[in-house]
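Trainee: The primary structure of each chain is shown beneath.
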Amino acid sequence: MSWSQAELVAAAYGAVFVFVLVYVAIIAAKLVRLQRETAELLELARDRGKAELRDVAPVEAAGEA
Amino acid sequence: MGLALALALIVAPEDADQGISQRIFYIHVPIALTAYFCFGLGAWKALLLLWRGDERYDLESYVAIHQGTIFGALTLITGSIWARASWDVWWTWSSNQLVLFLVLFLFYCAYFMLRFSLEEGPRRARSSAVYALFGVVLIPVSFLAIRLAEDFIHPTVFTREGPQMTGTMFATFCVSWAAVTLLAYVLYRVELAGKRLDADLRELREVLQ
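Protein chains in written order, with the working numbering: chain A, 1 to 65; chain B, 1 to 209.
What the hints contain is simulated information worked out from the structure, not anything from laboratory work.
One should not assume that every hint holds.
[As the list claims (entries may be wrong)] One side only, chain A facing chain B, incomplete, derived with CB under 7 Å:
{"hint": "1", "residue": "Q5"}
{"hint": "2", "residue": "E7"}
{"hint": "3", "residue": "L8"}
{"hint": "4", "residue": "V9"}
{"hint": "5", "residue": "G14"}
{"hint": "6", "residue": "V18"}
{"hint": "7", "residue": "F19"}
{"hint": "8", "residue": "A25"}
{"hint": "9", "residue": "I26"}
{"hint": "10", "residue": "A28"}
{"hint": "11", "residue": "A29"}
{"hint": "12", "residue": "L34"}
{"hint": "13", "residue": "R36"}
{"hint": "14", "residue": "L42"}
{"hint": "15", "residue": "L53"}
Ideal Cβ placement from N, Cα and C applies to all residues, glycine included.
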């Protein structure tokens, strides 16, 4: 297959563009995963905080009585 | 990057000898130099790890070598396209610089095989650092191969008399080099921040569960 010089120049610049685009897409996918994990951990920390408050509240009520 | 592309594809004059295909030079050479720099940075961080024992250098060395491998792959791809345009072949084994760059690239590809075959921890960090340091020897050999072997297939643009190109061409090259270096730096910082955040989240999950 014969390639013209202009096509080869376009292919070289296009290859770099595609590589950078794929790299950015991978990083973006990773950021979405990290965001989801952060939300999960935040939920876990909130649940734990609520559970600790529930454990402390009956003891305080018993002390007042 | 936009300015570099405009200068390389529109403003820079056409080369009298190679014609339009010489425009690949403005992307190929800065990418190759950035790949050398990333491999060098990875080796430097590896040395700091072995010297100071601070584990944060392990991740920095890994990310730099990862960047170097990406830019190395791009160097081989753009170089191959330029070879097709200039010499009518996609690859030639008779050019020492090409073969040595391929050896350097494959050497650092094997770095990942070594790294991911070991358990995470100080032993993996030290082994990876030693391997990264061995590879740094190949960088000046690869870079100077064309001069050492007097290989006339691959063109030498930068000689002792200075750059063998016009002022506009040299300015275009400098802008392209700055743009590619900036791109590599941004990608390095983003990847490093992502990896650190990933490690912190893993630790936080262990604490919470």
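Trainee: So, for every hint listed, does it hold in this structure?
Mentor: Structure-based check of all given hints:
The interface hint given for A/Q5 is met, as the beta carbon of that residue sits about 5 Å from the closest beta carbon of chain B, less than 7 Å. At its closest, the beta carbon of A/E7 sits 9 Å from a beta carbon of chain B; the interface hint therefore is violated under the 7 Å criterion. The criterion of a C-beta within 7 Å of any C-beta in chain B is met by A/L8, whose closest approach is roughly 4 Å, and the hint holds. Because the beta carbon of A/V9 sits about 5 Å from the nearest beta carbon in chain B, less than 7 Å, this interface hint is met.
Hint status for A/G14: violated, given a least beta-carbon distance of 10 Å to chain B, over 7 Å. Because the smallest distance between the Cβ of A/V18 and any Cβ of chain B comes to about 10 Å, over 7 Å, the interface hint for this residue is violated. Because the beta carbon of A/F19 sits about 6 Å from the nearest beta carbon in chain B, less than 7 Å, this interface hint is met. Proximity of A/A25 to chain B is violated relative to the hint, the smallest CB-CB distance being about 13 Å (cut-off 7 Å).
Checking A/I26 against chain B by beta carbon gives a least distance of about 9 Å; that is not within 7 Å, so the hint is violated. A least Cβ separation of about 10 Å between A/A28 and chain B goes past the 7 Å threshold, and the interface hint is therefore violated. The closest approach between the C-beta of A/A29 and any C-beta of chain B is roughly 11 Å, which is over the 7 Å cut-off, so the hint fails. About 6 Å separates the beta-carbon of A/L34 from the nearest beta-carbon of chain B, less than 7 Å, and the hint is met.
Given the 7 Å rule on beta carbons, the hint for A/R36 is violated: about 10 Å separates it from the nearest Cβ of chain B. Interface restraint check: A/L42 against chain B, minimum CB-CB distance 10 Å, threshold 7 Å, status violated. The interface hint given for A/L53 is broken, as the beta carbon of that residue sits about 16 Å from the closest beta carbon of chain B, more than 7 Å.
The structure fails to meet hints 2, 5, 6, 8, 9, 10, 11, 13, 14, 15 from the earlier list, while all remaining hints are met.
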